[in-house]
Amino acid sequence: MDVKNNKIGIPTTITETIYRYLREAIINGQIKQGERIKEKEIATLFNVSSTPVREAFFRLVSEKYIKLIARNKFIVNETSFSAAKDLYEIVRTLDKLALTKALANMTDDAIEAIKKMTIQLEKYYKMNERDKYLAENLKIHNFIWKFSGNEFLYELLVEIMNKIAIYRHAEKLDPFSDQSAFRKSIRDHLQMVKLIEARDISGLMKLIDSHWGEEFIRGASVVSMDNNKSAKGK
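In terms of the numbering used here, the sequence shown opens at residue 208 and continues consecutively.
Hint data in this document are derived by calculation from the structure and do not stem from the laboratory.
Ideal placement from N, C-alpha and C gives every residue a C-beta, glycine not left out.
Hints may be right or wrong, so weigh each one.
Stated by the list, open to error - Listed next, the in silico DSSO-like pairs over lysine-lysine satisfying Cα-Cα at most 30 Å (straight line):
#1 Lys322 x Lys308
#2 Lys280 x Lys339
#3 Lys330 x Lys413
#4 Lys339 x Lys292
#5 Lys245 x Lys346
#6 Lys353 x Lys339
#7 Lys280 x Lys333
#8 Lys292 x Lys239
#9 Lys245 x Lys333
#10 Lys280 x Lys292
#11 Lys292 x Lys346
#12 Lys391 x Lys323
#13 Lys346 x Lys391
#14 Lys353 x Lys391
Said to hold, decoys possible - What follows is a list of derived Cβ distance ranges for each label pair:
#15 Glu242 x Val365: 40 to 50 Å
#16 Lys333 x Ala277: 49 to 59 Å
#17 Val268 x Arg406: 38 to 48 Å
#18 Ser417 x Ala277: 40 to 50 Å
#19 Asn335 x Asp293: 26 to 36 Å
#20 Asp407 x Ala320: 14 to 24 Å
Please model the entire structure based on the sequences and the hints provided.
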């Protein structure tokens, strides 16, 4: 196989295909937390033997997407608010490292691209399109992380954000359900563009310290309060 194919993400084996299929289904909430994934069903779905399915399963186990709770019994790992909060602490630290490295590699064209994405982000904010806002928000961070020049750092950050997405989908959490957090997020991103353009690393480090997780924590608190009210009303 042409190695160029690997660079654009084409699976090289059926095990890789099964792994990606299951991982995306878990991240997107199509396979729920605590739900059992049956080896025979997946083998039938892909018309393969159990061997590549088990290989994919154990890769997902090693990455903590699923767990083996008994012989041949795999279920999707359950996450929690506490775990998601801990993951945001890691993102905050790694983002500062990635941004420091990215700023050294960033071209004027790259900065212009960030400015255009931020303009689109502000449009979604003004339209109150929160799902589109979140997607564009993550797209901007992802774009910056790629410029770090460190593939391992980039992949680690993406992986952590995937784990956070699992919690968000499971709890049906809108991270910007709190309006003040929504306002703060767009202010942060508008300021981030200015600091990147000025190549002000000190200012960026201060901004990142307060940027990650606040909207998630406030949003989770709102959801939690709503759930408690609903429970009391039953």
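For each hint, the structure was consulted:
The hinted pair formed by Lys322 and Lys308 meets the criterion: a straight-line CA distance of about 19 Å does not exceed 30 Å. Using a Cα cut-off of 30 Å, the hinted pair Lys280 and Lys339 is violated, with the two alpha carbons roughly 37 Å apart. With a C-alpha separation of about 26 Å, the suggested pair Lys330 and Lys413 falls inside the 30 Å cut-off, and the hint holds. Note on Lys339 and Lys292: the hinted pairing holds, with a Cα-Cα distance of about 23 Å set against a maximum of 30 Å.
For a cut-off of 30 Å, the pair hint linking Lys245 to Lys346 is broken: about 34 Å separates their Cα positions. At roughly 21 Å between alpha-carbon atoms, Lys353 and Lys339 fall within 30 Å of each other, so this suggested pair holds. At roughly 47 Å between alpha-carbon atoms, Lys280 and Lys333 are farther apart than 30 Å, so this suggested pair is violated. Taken as a hint, the Lys292 and Lys239 pair is honoured in the structure, with Cα atoms around 20 Å apart against an allowance of 30 Å.
A hinted pair counts as satisfied when its Cα atoms are at most 30 Å apart, and Lys245 with Lys333 does not qualify at roughly 45 Å. With a C-alpha separation of about 29 Å, the suggested pair Lys280 and Lys292 falls inside the 30 Å cut-off, and the hint holds. Between the alpha carbons of Lys292 and Lys346 the distance comes to roughly 21 Å, so the proposed pair stays at or under 30 Å and holds. Between the alpha carbons of Lys391 and Lys323 the distance comes to roughly 19 Å, so the proposed pair stays at or under 30 Å and holds.
In summary, the hint linking Lys346 to Lys391 is supported, as the alpha carbons are separated by about 18 Å, within the 30 Å threshold. Between Lys353 and Lys391, the direct Cα distance comes to roughly 25 Å. Compliance with the 30 Å bound is thereby established for this hinted pair. Between Glu242 and Val365 the CB atoms are about 24 Å apart, so this pair departs from the stated range of 40 to 50 Å. For the hinted restraint 49 to 59 Å between Lys333 and Ala277, the CB-CB distance of approximately 52 Å keeps it satisfied.
At about 43 Å, the CB distance of Val268 to Arg406 agrees with the hint of 38 to 48 Å. Range check, Ser417 to Ala277: about 45 Å between beta-carbon atoms, so the 40 to 50 Å window is met. In this structure, Asn335 and Asp293 meet the distance hint of 26 to 36 Å, their C-beta atoms being roughly 30 Å apart. A hinted range of 14 to 24 Å holds for the C-beta pair Asp407 and Ala320, which are about 19 Å apart.
Checked against the numbered hints above, the structure violates hints 2, 5, 7, 9, 15; every other hint is satisfied.
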